[in-house]
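Line by line, the protein sequences give chains D and G. Residues in the first sequence are numbered from 1 upward in steps of one, following the UniProt record's numbering. Residues in the second sequence are numbered from 1 upward in steps of one, following the UniProt record's numbering.
No copy is singled out in the list; a pair is fine if it fits within one copy or between any two copies.
Straight line, CA to CA, 20 Å or less: simulated SDA-like cross-link-like pairs of lysine to any residue: (1) K369 - Y162; (2) K294 - H271; (3) K369 - I669; (4) K369 - F661; (5) K672 - D339; (6) K305 - F703; (7) K672 - R340; (8) K247 - E295; (9) K544 - T557; (10) K369 - L662.
Everything labelled a hint here was simulated from the structure, so no lab data went into it.
Protein chains: 2
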Amino acid sequence: MVSTSAFITSLVTSFLIFVVLVMIFAFLSRRKGNIPIYYPAILLKGRSPPDPNVVRTPWTWIKEAWEATEDEVVEIAGLDAAIYINLFTTALKIIFWTSCFCLPILIPLAATDKNNKLQAQDPEKSANFTSLDDIAMGNIQNKSSRLWAFLIGGYWLSFVTYYILRQTYKHVIELRAKDQSNVRAKPEQFTCLVRDIPPTAKNETREEQVDSFFKQVHPETYEKSKIVTGLGQASKLWAELETAKAKLAHAEAVLEQSKSKAAEDGTRPMHKIGKFGLYGEKVDSINYWNEKIKELTPKLEEEQKRSETEEQKGAAIIFFNSRRAAAEAGQERHSPFADRWQVIPAPEPRAVVWDNMHVSFYQRLVREKVVYVITFFTVVFYMIPIGLIAAFTTLGNLTKYLPFLKSIVNIPALKSVIEAYLPQLALIVFLALLPKLLLALSKAEGIISQDHLVRAACGKMYYFVVFNVFLGFTIFGTLFNSLNSIKQLTSAGAFSFNTVVELFGASLPPNATYFITFVALKFFVGYGLELSRLVPLIIFHLKKKFLCKTEKEVENTWAPGSFGYLPSIPNDLLIITITLAYAVIAPLILPFALAYFGVGWLVQRNQALKVYVPEYESGGRFWPHIHSRILVGLFVSQITMLGYFSVKKFPFVVLLLPLPFLTILFANICHKVYYPSFRFVAIAVASEEVKEVPTLSSVVAAFTPTCLLDSNEMNDIEKLDDSNFQDAESHLPSRSSSGIASPADGALAPPTV
Amino acid sequence: MVSTSAFITSLVTSFLIFVVLVMIFAFLSRRKGNIPIYYPAILLKGRSPPDPNVVRTPWTWIKEAWEATEDEVVEIAGLDAAIYINLFTTALKIIFWTSCFCLPILIPLAATDKNNKLQAQDPEKSANFTSLDDIAMGNIQNKSSRLWAFLIGGYWLSFVTYYILRQTYKHVIELRAKDQSNVRAKPEQFTCLVRDIPPTAKNETREEQVDSFFKQVHPETYEKSKIVTGLGQASKLWAELETAKAKLAHAEAVLEQSKSKAAEDGTRPMHKIGKFGLYGEKVDSINYWNEKIKELTPKLEEEQKRSETEEQKGAAIIFFNSRRAAAEAGQERHSPFADRWQVIPAPEPRAVVWDNMHVSFYQRLVREKVVYVITFFTVVFYMIPIGLIAAFTTLGNLTKYLPFLKSIVNIPALKSVIEAYLPQLALIVFLALLPKLLLALSKAEGIISQDHLVRAACGKMYYFVVFNVFLGFTIFGTLFNSLNSIKQLTSAGAFSFNTVVELFGASLPPNATYFITFVALKFFVGYGLELSRLVPLIIFHLKKKFLCKTEKEVENTWAPGSFGYLPSIPNDLLIITITLAYAVIAPLILPFALAYFGVGWLVQRNQALKVYVPEYESGGRFWPHIHSRILVGLFVSQITMLGYFSVKKFPFVVLLLPLPFLTILFANICHKVYYPSFRFVAIAVASEEVKEVPTLSSVVAAFTPTCLLDSNEMNDIEKLDDSNFQDAESHLPSRSSSGIASPADGALAPPTV
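Next up, chain D with everything else stripped away, as it sits in the complex:
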C-alpha cells in the first residue's frame, strides 16, 4: 500500500511534469516552424493557422478550446470526435453531481470516526493505515449507523448516472440525425453491401445474377451493382508503384538541389539496389526508378483486369437512386434464409475492410465464437502475470526478493518516488502491448468496417483492463501483501465467492490511494505529452532536416492521423469505472477524476479542433458502445459496494441489492429505445430533402479500392454517363406532380394530392 508521503510525492512530481509540458507547448506552439505539428488540421482544411506574430498567452488555447461550440467541433473534426468529447462531458457531469453529495457529507463522516485507530491498536491484525485511509469508508466502524449515509450515496451515484446517460444518449442521437439528414448527401447513403450471395446459376455472370435479383426486388430504386473482387497482387503492385514514384520525385529533387549548389548540371543521385541500399550494384536512381515505373504500370493494370474478372467473390456493393431507398434496403430481409443475400447499410468507403467482405455467413458465426473464447482466456489468464507485477513491484516485496536493492532504496526521496511509480509504470508498459493483438482478433471475426473493428477491439480491451487492472490488482495486490489473507483464502478451501468478496471488500480502501496515483499519473503526464506532442515534433524536425526533399515527403512527416480511440477510450472508461467504484468507498478519488476529465475535455477539444484529422466517419456509432461500458462500470461499482458493505457487517446491506437489477433494467430499456437508431437510419430521416447529390459515377468510384482505381477504370466510370442517375433525379418531380412525393426530394410538407 502506498504511504502518504509517497502519495504526495507522486502527485507533486506528476503535476510538475504536467506544468513543464504545458509550458513547452505554450512556447513551442507559437514558433512558425512548428505550425504543421500544432495546427495540422487547420492547414489541411486550407484555413490559415494563427499568425505567429500575434502574441498567444499560454491560456489562448484553453480559451479557444472552451469557446468552440459543439456544432463547430462536428463541422471541423467530424461527428466521431464530437462523440468522443461527449464521453468527457458525460463523465464530468456524472462525477460532478456525485461529488456534490459524497465530498461534503461522506468525507467528514469518515474523518470523524476512528475504526482505523482501533484496528491499528488490535495486536492480532497487522494493519497499518495512512492518513488517507482515515477519510475513506474504511474508517467507519462496523455496523455504525453512519453507513446509512454511504448507502444513500450508492443510490445517489446510481441515479445520477442513469439520468445523465439518458440525457446524453438523446443528445447524441439528435447529433447523429442532424448529420444523417445533412443536405450534403454522402456516397455511402446511396449504397448497401450485399454478402452471402448464393452461387450463380450456370450461364449467368455474377453481375447478371445480382442485377436481376435486385431489379426484381427494388425495381424503381436500384441503380447498379459492383461485384467485390479479391485484390490479389494488385495492392502489393500498387504500393510498389507508389514508392517508386515517391523515390523518383525524391531523386529528382536531390538532383535539383545539387544543381543549385555546385556544378549547374549537378550530380545525379545514385543508390545501391540491395536491401536498405547497403550492398548490391550502384545505379543511377532517376533512371532506375523510371524503369521500375515503366515496368510496374502495365503489370498492375493487367493484375487489375485479372482480379476484376477472375477473383469475383460472393459479395457485392449495390447503388440506389435515393438515400431513402438505400436506407430501406439496408434494413430489409431479402431472402427467407438469413444465410443468403444479406444486405447491410454501407460504411464510409474509406472504412470498408475489403478482405473481410466475402467471409461467408457460417464462417463468421464460427469465427466470432472462437474469437470470443480466445478473448475470454486472454482476459482471464493475463490476470496472473499482472497479479505478480502488482505484487512484486511493491517496494516491500522487491527488497524482500532482491535484497541488493536495499542500498538504493534507503535513500528516502528516491524510495518514495520508486514506491509511487513502480507499479503503475509496470502496468502501463504492460498494457501498451495489447491493442495490436485485440485488433487482429477483431479482424479475424470477419468485421467489414474499420470503425467497427476499432469498436470491437475497444470492447475487448475494456473488459481486459477492468478485469485485470481493477479487479486483478485489487485482489492479487491484497493477496500478496498480507499473508493472513492468503491463509484466509486457503483455509476457506475452495476459491469460494464469499471469501473473494470479503477479501475484495477488505482490500478496497487501501488500494484507493493506489488508484488515485494511477489516475493522477495518467492524466498529468498523459495529457501533458498529448498536448505538447513532443514525440511527433522531434520526429518531424529530424526527418525534415535530414530526409525530406519533396513537399509531399514533408507533408507525410506531419500528417496528424486521427484520434487514437483504441487505447484511449477503454482507458478513459477504466478511469470512470474505478471512479464509480470508489466514489462512495473513498470519495477522495472524485476530485482527481474531475481533474482528469476536465483537463481531458480541454486537451481533446484542442486536439480535435487543431490537430487530428479523421480517417473515416462511423456516424457516431461509438456512443452505444461507450454508454453500455459506463453502465458496466456502474454495475461493477454496485457489486463492489455490496461486497464492502457486507464486510462492514452493515445489517441493511440488502437495501443495495435492487441497484444492480435497476442497472440491468436501465441498460435493457436504453438498448430497446435508443440503440436501433444507431444500427439503421430512420426512414423519416433518410427521406428528408437533399440538395447536393453525388453523381452515380462518383459514388461507384468512391467504393472502389484505391489499388483497383486505374486510369482506364476511371474513364469507364466517366464514360458511363450519369443519365440514369440524373433521370432518377429528374423524373421524380414529374411523379410528385402526379401526387406522389419523390423519395429524393420528399418534401416535408404533405404532397399535393
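Based on the hints, put chain G in the right spot on chain D.
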C-alpha cells in the same frame, strides 16, 4: 417408487381404456346423427361428409390420416395445424433414431450387470429395486467401463436431435414461404400496425398526422390509415344486441313449433325477465326481444360514432397498395427514436387484440418485466405444493398419514390401481387449472395478436411443467420417499448445487417408471378421449334435444373451434423433454414415447383434417417456439446426464461437458439463420406475383372490430370506391413498361430494360 405390478396394471388399464374409446369412436363416427361432431370441418368447408351407408372399418380413419399429404393438411387445416403436426413428426424422427442406438445396445448392457443386487444386499442402504430398474443405467456398477456406451449414447442423442431439428426448420420455412407467396393475397399482407404515435400537433387530427407522415415516407405505396379507437361500451352493447336477436329467433321458432302441433296460432312463448328467467314479471318473449333490439340498435350506433371520434388512441392501422410495400414498411425503423412510430407487420385481422394496441412503449417494457418476475415466482413456488402432492399420494405415505385407508388399500387389485394412478391424476388435475392464469399474464404484457398470446402462454407453461413436473417431482419425490436423502440434504447444510445434482442423479432411474406411466396414461386416455370426442358428443346431443330450436343454435352446439394449442403443446414438449432426459438413463421410456407421438400423429392429423377449424392463422410462427423448447429439453437432458454420470463416479464424465455448450451454439446459429424469416416476410417472397388482390375497402373492413362494423360504416366503405386501389394496380404495368417491374406484378423474370 412404482412397483412392477402397479406399472403393468397402469399400462394394461390405460390400454384397455384406449381400445374401448377407439371402438366407441369407430362405432359412433359411422352414425349419421354424429356427423357434425366427427366431421365438422368437412361440413363447414361445404364438402360432403363420408356417406354413412358406405361401411367404414375401424381402420378407415387411420388410412385416411396416413394417406393425406402435407399440402392437403395445409390446404384444409391451415399452416398452423400443419406446423403442429410437424412437432409430432420431428419428435418421432428424433426418438426413432435415438432408439436405434439405445434399445439394442444400452438395455442389454444394463440387464447383464448387477449393481442393484449389490445395493439391495447392502444393509445400510434401504434400497428396493423393481425388475424395471434392472434394465436402466442404475444397474450399471460405479466406474464400470460399460458407462462408455451410455456416454456415446449421450452424444448420439444430441447429434440426432441437432440434425433432425435443422432439417425440420428448413422444411417449415419453405412451407411458410410457399404460404406467404401464395397467389391469393391475404388482407394482412397489405397492412401494417403503427404503435406509439406521438401526440398530434395542435389543429391537426390523428388522421392528418398519420397520413402526412406516411405519405412523406412511403409516397408511392401508402394508401390510407385507420386510427385505432377504444371499443368503450360498443362491444358490450353489440353482444347484448346479438343475444337479443338470437333469443328472438329462438322464441319465434318455439312459436312456430307450437303452431304446428296444437292450436294453429300456437302459444306465444313467455319468460320471466329476472336473472336466469327465475323471477320477475312474466313477459311475451317475442315482443320483449323485439323491443330490446329496437332499443339497443340506435344505442350501439351512437356508441360506435362516439368511440370513432372521441376514443381515438395513439395507434393506427395503415394500408399499402402492394404486399411488397407492406412487407418493407413492417421491417423498417421509421423514427430515430424507437419509442415513436413503431410500425410492425399486421397479424391476421381476426387475431388482433384490440385493447392492447394502444399500450404505450414504456408501459410495455415495464409490464413485460413485471410479468416475467411474476411468472418466475409462479414457476418456482408452485414447486412446493406439487412436491407435497407427489409425496403424499404415494400409497405408502397415504396410509402412513391416513391409517383408516389401510382397510381399503389391502384389497390388492384396488391397491395397485390406486398406486398407479393417484399421483398422476393429482398432477393432471392440478395442471389443468394453469393455462387461464398464464394467458391472463401474457395478455398483461401488452401483446397484440392472439397467436402471440397463445405462444407466450405456452412458453410460460412449458417452463412451468418442466420445472415442476419433471424436476420438481424427481427431486421432491425422492426427498419425501427416502429419509436418508433428507438427512443428506440437511447435513450438507445449504441447499448446495452438488448435493442437489447428487440427489437428482440418485433419484432419476427409479422415477423413470413413474414418468413412463405418466406418459402412458397421457397418451392412451388422452388420445382416446381426443379421438372419440365423447364430451362434445354428449353435450351436442343433449343441447340439440332439449335447448336448440333454430338452425343457428344447433350449429353453435357442434362448432368445433380450433386446436387447443395452449395445453397440448407444452405437454407434448414436456413428454419430449422427459424422453430426452431418460433416453440414455432408462431407455425403456423410448418405445412408450414412440407410441405416444405415433398415435398422436395419427389422431391429430385426423382431427386436423376432419374436426378442428382454425380461428386464425399465425403463419406458422409456432415453429421457432417449438424448436427452441425442444433444444431446452435437450439441454436439460444433457445436464441430467452430467449429474447422473458423476453420481456413477464415471471418471470420463468430463467428456460430456462440451454437449451443453454445443446445444447453446446450435440454438444461437439457428436463431441467427432461420428465426428472422419468421419475424418478417422476405422482400423477395413478398414481391412475387399476385393474382387475386383484395380490394382496399375489403381490407379495411377486415381490420375493423366486428362490434364497430355497423351497416352505415359498411356503406361508407362500399361508397369509398376502390379507384385508388385499382389505380395502384392498373398504373403499375405502365411503369413496368418504362423498364421498371412493378412491385405488385413484379414478374420473376428480369424486367425488360
